[in-house]
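K.L.:
What follows is each chain in one-letter form.
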Amino acid sequence: MFFNSIEYLLFLPICFFIYWFVVNRNLKLQNVFVLIISYIFYGWWDWRFLSLIALSTIVDYSVGLYLEKSSSSSRRKALLITSLVVNLGLLGFFKYYNFFVESFITAFSGLGIELAPSTLKIILPVGISFYTFQTLSYTIDVYRGNLKPSKNLINFAAYVAFFPQLVAGPIERATNLLPQFSRKRTFNEEKAISGLYLILWGLFQKVVIADSCATYVNAIFGEYEALNAMSLFMGAFYFAFQIYGDFAGYSNIAIGTARLFGFDLMRNFNYPYFSRNIAEFWRRWHISLSTWFRDYVYIPLGGSRGSRMHQLRNVFIIFLVSGFWHGANWTFVVWGALHALFFLLVLLTNTNRNHLDQVASQRLLPSIKESLQMVFTFVLILVAWVFFRAETVSEAFLYLKRLVTNLKFSIEYISIERYNVEMLLIIGIFIGIEWFHRRYEHPFVGRFKWMKIITIILLLLTLGVYSNHQDFIYFQF
Amino acid sequence: MKKFFIHSALILGITFVSMIVLDYVYDVIFHTSNPRNKVQYVTQLKNTHVDYIFLGSSRVENHIDCELFEKITGKSCLNLGLQGGRLKDAATLLQMLQNNNVTYTKSVVQVDYLYNFGGYSVPFRGYINPYIHDDIIPEELVRSSEFKGVGVPFYRFMSQDKLCGFREIVTQSISKKPAVDLNNGFVPVYGVGNNIAGTFPDTIKDNNDAITLLESISTNDIVYFAAPYCKNAENRDAFMEELSRRIPNFLNHIDVFDEEETLFSNCGHLNLEGAQKFTRIIAHDLTN
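Sequences listed follow chains A and B, in order. Numbering-wise (our numbering), the first sequence opens with residue 237 and increments by one. Numbering-wise (our numbering), the second sequence opens with residue 587 and increments by one.
Hints were generated in silico from the structure; no laboratory data involved. A portion of the hints provided could be inaccurate.
[Said to hold, decoys possible] Quick list of the computed label-pair ranges, beta carbon to beta carbon: (1) Asp500(A) with Val607(B): 31 to 39 Å; (2) Leu584(A) with Gly777(B): 50 to 58 Å; (3) Ser731(B) with Phe612(A): 35 to 43 Å; (4) Asn620(B) with Phe329(A): 27 to 35 Å; (5) Phe633(A) with Thr785(B): 33 to 41 Å; (6) Ser287(A) with Ser731(B): 32 to 40 Å.
[Unchecked claim] Covered stretches of chain B (chain A as the covering partner; in silico rule of three or more C-beta atoms under 8 Å from a C-beta of chain A): (7) 597-611; (8) 626-636.
Each residue gets a CB set at the ideal place from its N, CA and C atoms; glycine is no exception.
Given the sequences, and given the hints that come with them, work out the whole structure.
P.N.:
Right, here's the structure in full:
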């Protein structure tokens, strides 16, 4: 079930009414209801993969309980490893089996040895990368003693399968979300209204910005060999906003939906394209994932302690793993490696902890220096996005090569019967809206709130892409 | 909860009112602007007579040069071939013309592998949506499951935003000239032998309800024809033989340019030279 579908439009209010008017007197019943609707939400796509979520739930719930009972460090370690093996094993099989087999075969054929392919027709369960990381955060936190294990299977299962963030995040920490299932939730009007606004804004980001850009991106990347540099630049530019609108839009709808049910999810995006360096970008982009890697991979590896080489190694590992998390393709690994390289530059100049505040926080407009910093950072991000979007690494290189060698920056009519710059005005307006509301999580604030709501609704209706449905990009991860 | 429900009701109310207003505005613009596509052209063509109306897919649009046809035959011609068009589209266009009091001597319908396809084409659905509530639209189309939801204000424009959405509204409003000369309807293609390959289906349907519909609505003769297709197309001849048995008055020119590959832009479409040569052939067939 997609957030921008008719089914969800019916599903959400029905669940809302039952949640607050039928089952609200009993917390246990409310949590059971959340679990049921979460399973319905996920099963709508493919009910068979509910078994994987159930398996992950039962294994980690049991591991949590046994961890509490065990005092032996070797036994505790073994339990943690069990959780890691089951969760990462599932993830590894469904996501990476064919990739490793094909890479293996390619590597051997490069040596002149032909192997018979034995790939499987594996369907990637939607959201597996997200919910496995979410349950792993639970077992790791219990292992570390940061969290008491849940003694309520229903609560725990609801935490794992919580439908707003199940398929594409935010990747919630057990320390944040799990206790909310144990507390009575009373209806908070301001929270619910802000949830509505976030859903509206998220829909705009997805249906207007992301899906509109997608049409151009698909056309430009599909025939990049015949297009000029301007078109190729626009292709990368539009993709930057496609993936941002798509992912931030989904996160906002997820967070907004959760608020309707009285839950608080973590913020996942904080205007990342206004970042002044790569380190700031990674504090603002897919925050739930970057902090997950920081807490569960980077810090255990030693983090920034130890020698500089040690630190650089850890940074590289994090970004490569993060790239790999995104998908079974070398393009994502290269994307991660590029970001590692960009990050290293910031690290070596000791500017990674700069810019902890919002850019031009006390001013209306950025300074020239800040503008240049943002543009430079954005260009680096664009280069990396080309690898993220391309089908293969060589395609990405050819794309970039053509971009810098073609040198024709003219307006071009592309195959979708549009000019390559047509989306610029809408993107410009979008950037403007985000810039002037960068202190807030959505633009529906202030005196002209209702004018803004009406405007966004009109733009949603007139500029939204409804005829050519685009899946959320992060569903493939 | 009161404040929350008021907010929700306001947002829903604003959305609904916006849809009604936008539906009206879009409707007015589409009905009052100069036609930019053939379907819109048909809605505005009234009280006139055309001798020959050609209907079908891109294999009509790219193959029948009406200007040349008129020069050869001295008869008026209208090319209503649509990219991706289907037989049901053709039947609907013919009904709309009749409802608009447009008379014709002969309708000429191109049929080939499209015989196996039912329903309306995606482009046609996009072009017809702005007019779905008009009197000239046949009942059958309005009741069709392919047009469900059109009763909801503005939904018809949202669901076909590519062809009748905001961008099209802007181009309609500024009276941007259409890519096709609608008075002729012919769109030439150029080049030789691009991707010479193609496939016809292995089996053929027993009947096509669009053909039945065409027979029932047509007040005059319908002539069916098949435009040339390259000889490399798999299963071409077998399929066309079966088709000939199912359709009356069928001019099968599928193989007329088998030895002249330079007339093809790709397997299913003639280039300009091929189209003009074929126009002469079909003009001769129809007027002799």
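K.L.:
What hint numbers does the structure not satisfy?
P.N.:
Per hint list: 3, 4, 8 violated.
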